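Assemble the complex: chain A is given as a structure, and chain B must be docked to it using the hints.
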Amino acid sequence: MANLFAGVGTSHVPGIGAAVDHDKTQLPYWKPLFDGYGPAREWMEREKPDVVIIVYNDHASAFSLELIPTFAMGVAAEFQPADEGYGPRQVPVVEGHPELAWHICESLIMDEFDMTIANKMPVDHGLTVPLSIMCGQPEAWPCKVIPLAVNVIQYPQPRGSRCFALGKAIRAAVDSFDEDLKVAVWGTGGMSHQLQGERAGFVNEPFDTAFLNDLTADKERLINIGHTEYMREAGSEGAELVMWLIMLGALDKDAKEVYRHYHVPASSTAAGLIILENS
Amino acid sequence: MRQDRPYSNIPGTYVLDPQHSMQGYELNMFCMSLNKPKNRDKFRLDEAAYLDDFPLTKEQRKAVLSRDWLGLLQLGGNIYYTFKLAIFDRRNMQYVGGAMSGVSEQEFTDMMIAGGRPVEGNLYTSEEK
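Sequence lines, in order, name chains A and B.
Just so you know, we're using the numbering used here here: the first sequence kicks off at 64 and counts up by one.
Just so you know, we're using the numbering used here here: the second sequence kicks off at 40 and counts up by one.
So here's chain B without its partners, still in its complex pose:
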């Protein structure tokens, strides 16, 4: 499957394309399972035991348990799915956005109030400082 794609040079972006979808299917479906209250209760009771029912890789499992929000994306996760884990933790999008970009929730919120992450320097990987 073609790896080099026209969007590969967008910085800090994990596109749910065919390759990514194959890699992350089980991980994303674990996240999806948290839509059901019964499953949320089970996961709350014993996270590790709950994960035994999902054929995740060792790395994916570790990223879930340690809430490695960026790692989850790098291992095939998609934000709409991984955010279900954040909802479970009662975290908001600013917290997760901060965690993925290496700042605190407050710093991330302040950046959004100031107009968001700027266009300049963020369109092409070649522009990154």
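Next comes chain A alone, as it looks inside the complex:
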């Protein structure tokens, strides 16, 4: 049977990807951030998940205001890096796992989560930057990926409680997949940041620290953070953190923190990373 063994929460700041792509990770500006990613990459190499479900948001790449799916799962065999205006990132094509992805979609819809199913979905920095963070610059990504795109740009985004419940349903789906696969879920985005307006550059380290702490200490609090609290306390783009709650919902109740890294700034953002493992 498939085994969902761990979760990762990480920021997906485009500048982090650009630093990798343009060989800037050892510059004084970026080095402290990338030094902290070292142990996470070692963990990834050691654990070798077969499949990673990456929960991320599309930033006007595959989707736009023309069509705004709240939850869209990619079931294709591969996903091309998107052109976000610079030309596509020169990173490996993302390989999917159609059988598991379809199984999860079917299970979720029977479980009353009405998913959008995507057979063609270019993936932008929201998905490829976490791969760069965790895997560096390999010739091919070391795992299959199931993209789960969440609308966090158009208000109202899905509530934290719904995201957590979706994570639980994903866990049930993975648990019932009849193939020996080692599966991880990554929740991406955040941490506190605001890219827009006169308040651009807003960062709230105490909020972020409490969020990281409560992924293990007080899930109930995190699940109940509302839209306005996210926008006010974590910045207008900090509401991306609901995507970490899908990851959290997919884990055991008593999942343990095994690694954490936090750094300000990455571009205009507070960057965080956490690894949680089921016991």
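Note that these hints are calculated values from the structure, not bench results.
Owing to the predicted nature of the structure, the values given are computational and were not obtained by experimental measurement.
Misleading hints may appear alongside valid ones.
Lysine-lysine pairs mimicking DSSO-like chemistry, simulated, CA-CA at most 30 Å apart [what the hints assert, rightly or not]:
(1) A:Lys319 - A:Lys231
(2) A:Lys111 - A:Lys87
(3) A:Lys282 - A:Lys245
(4) A:Lys183 - B:Lys77
(5) A:Lys111 - A:Lys231
(6) B:Lys75 - A:Lys183
(7) A:Lys183 - B:Lys81
(8) A:Lys231 - A:Lys316
(9) B:Lys77 - B:Lys101
(10) B:Lys75 - A:Lys87
(11) A:Lys183 - A:Lys245
(12) A:Lys282 - A:Lys231
Residues from chain A that face chain B, not an exhaustive set, calculated with beta carbons under 10 Å [to be verified]:
(13) Asp146
(14) Tyr149
(15) Ser255
(16) Leu258
(17) Pro269
(18) Met294
By construction, the Cβ of each residue, glycine as well, lies at the ideal position given by its N, Cα and C atoms.
Chain B only, in chain A's frame:
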């Protein structure tokens, strides 16, 4: 549609809510069009002529042509869309962040290195100096 919302008193923040989305749809979709290399070439050749294909308001059109980064948000733009125009200009997020908050790119970058815009004074409009 309800205008007064619980997040209305967050300073310097333009939420892409239903009202904002209706106001900015065409503007944001213009920005979205710059994802395609062919469109970027066309826009580079003659910005004003390219904009004729999008039903923007006079104010939105002016804000695009003059790169009024804050004005674009006030006219319905969303940063993930308007940033595509910044990418077109080869500007980074620190430049645009500075332009929206009235400081230079270097000052904005320095503020981020020093830990970002502080929480104190920036949670409620009533706290603003």
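Against the structure, the hints come out as follows:
1. A:Lys319 - A:Lys231: 17 Å, holds
2. A:Lys111 - A:Lys87: At roughly 26 Å apart (the allowed maximum being 30 Å), Lys87 of chain A and Lys111 of chain A satisfy the hint.
3. A:Lys282 - A:Lys245: 25 Å, holds
4. A:Lys183 - B:Lys77: 21 Å, holds
5. A:Lys111 - A:Lys231: Holds: Lys111 of chain A and Lys231 of chain A sit about 23 Å apart, inside 30 Å.
6. B:Lys75 - A:Lys183: 17 Å, holds
7. A:Lys183 - B:Lys81: 27 Å, holds
8. A:Lys231 - A:Lys316: 10 Å, holds
9. B:Lys77 - B:Lys101: 23 Å, holds
10. B:Lys75 - A:Lys87: 27 Å, holds
11. A:Lys183 - A:Lys245: 25 Å, holds
12. A:Lys282 - A:Lys231: 13 Å, holds
13. Asp146: This interface hint holds because 6 Å falls under the 10 Å limit.
14. Tyr149: For Tyr149 of chain A, the interface hint holds, since the closest Cβ of chain B sits about 6 Å away, which is under 10 Å.
15. Ser255: 8 Å, holds
16. Leu258: Cβ of Leu258 of chain A sits 5 Å from chain B, so the hint holds.
17. Pro269: It holds, given that the least Cβ distance between Pro269 of chain A and chain B is near 7 Å, below 10 Å.
18. Met294: 5 Å, holds
In this structure, every one of the numbered hints holds.
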